[in-house]
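*Asks:* Read off the chains here:
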Amino acid sequence: MKYLATFVLAAAACTAGQAADYVGLPGGRFESVLPQGPVSTASAPVDLKPFAMRRTPVTVAEFAAFVQVHPEWQRGRAPKVLADARYLQQWGKPLEPGQGLRTDAPVTEVSWFAAKAFCETEDARLPTWLEWEYAAAADATRIDARRDPAWRRQILAWYEKPGGQALEAVGGPPNAYGVSDLHGLVWEWVDDFNALFIAGDSRTQGDPDLLKFCGSGALNIIDRDSYAVLMRIALLSSLNAADTTGALGFRCVRPLEGHL
Amino acid sequence: MSLPLLRRRDALLSLAALGALPVFAHSAHHPPMDDAPAPPPDESVYRLEATLEDQDGHSLAWSSLQGTPVLASMFYTSCDMVCPMIFETVQATLRALSAAERAQLRVLMVSFDPERDSPAVLKKTAQARGCDAQWMLARADDNTTRKVAAVLGIQYRRLANGEYNHSSVLELLDGQGRVAARSGKLGPADPAMVAAIRKLQGRRAAEIRSFSAVA
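So the sequence lines, in the order shown, correspond to chains B and S.
The first sequence maps to residues 1 to 260 in my numbering.
The second sequence maps to residues 1001 to 1215 in my numbering.
Hints are supplied without guarantee of correctness; some may be wrong.
Label pairs and their calculated CB-CB ranges [as the list claims (entries may be wrong)]: (1) B/A85 to S/A1038: 19 to 27 Å; (2) B/S238 to S/D1042: 20 to 28 Å; (3) B/K80 to S/T1068: 17 to 25 Å; (4) S/T1068 to B/R29: 29 to 37 Å.
Hints in this document: simulated from the structure, not taken from any laboratory.
Just so it is clear, the structure is predicted and the values come from calculations on it, not from any experiment.
Virtual Cβ for every residue (Gly too), placed ideally from N, Cα, C.
One chain only, chain B, in its complex shape (with noise of 0.2 Å):
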């Protein structure tokens, strides 16, 4: 009960137009499904930056909000280009979500560029894949569960609850650095999306590493029993960036202050 009263409060604050909490994180080193060195099929560690992270997915609120002050983005104004048709398609109208949908619930049927132009409004970008799989790496207690069978089984078992329901409020349990619904509630657009192909098809050319693909070679994928944040590569990299579905949402990240 205690719990429920902390979302109301912060929904409430959401929708009074107060400032996106963000919370810092301290970067360091990191090692990635994805391969980052030169070689595709071995880890290579990098350095993260400390970043400072939205606690909370973008709500229906926020970005309702977003649209009354940017009208380009409104729905039937933003260009095909940029947002596809299934664009804010279950808001009522253009500047109002509507009574079918929570305005605590974090905003879905948003393409990779109206995602990218709210998180200018907050002087903020989306995290990079890495940053936010860095993020995603936490449970509630330590900064790197991702070797914990039970940490895993408890991701999965968000991809084994049907689709189609109604989402819920944003700012469920946080995680180690504070930061909530890294999994799940929705999946969530990254800047580099579409930096994360995998090998692609092109047996009519040769090799396609060599030929479709400059450097070397498309990506291969270390930690194969990261199923969950597989799956979650897997969506993304599918995705062309005026893409929207009802299950993916964003939010944002911005250089931790002091550390510019």
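We have chain B already, so just place chain S on it with the hints.
*Replies:* Okay, now just chain S, sitting in the frame of chain B:
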């Protein structure tokens, strides 16, 4: 300074001044100017607001490429594997066209690597690859580069060693910025791409003839 940035600042200032009440936020609206040219169609890649810098160091609006069909792709200079083949494929495609068909086409090559592909480097690359005045080699800041790639449906990622993985695609944009054809075939000219360019040029010629007849 780019328009979106101005808008964003205006919006933020208005919100700050009004105590961030969304109710009053409509004061930040910018009504379209009466004498502004008609915006490109809904499907046009030029609906993206972006600024490029060409091989002569000139900065230009992405949407200023409107008016002439464009054969577009992306590359980076220090790439020695696929990128030279992209240039060769474009050259082969141009050679497959008649002089008249060729004259009505521009070629745009946007770099994945704005840090290293300065205008001077782009200019040198253009010379080394035999690109004439019909070609524009351009770069943009990282954020804009990703937006341009996104609108063109091109995928890329920077590797830790400074190389890039990227998809190799030629895109034909019509005069208004709609994607008229795509080809991922490298090497000799793709007959489908050549045919698409001819079709586009034929349609333009017919439009110009009918316009002259009316005038």
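*Asks:* Between B/K80 and S/T1068, does the C-beta distance stay in 17 to 25 Å?
*Replies:* The hinted range 17 to 25 Å holds for B/K80 and S/T1068, with Cβ atoms some 22 Å apart.
*Asks:* Please check whether S/T1068 and B/R29 have a Cβ separation lying inside 29 to 37 Å.
*Replies:* violated, 50 Å
*Asks:* Is it true that B/A85 and S/A1038 lie within 19 to 27 Å of each other by Cβ?
*Replies:* holds, 22 Å
*Asks:* Could one say that the CB atoms of B/S238 and S/D1042 fall in the range 20 to 28 Å?
*Replies:* holds, 23 Å
Checked against the numbered hints given earlier, the structure breaks only hint 4 and satisfies all the rest.
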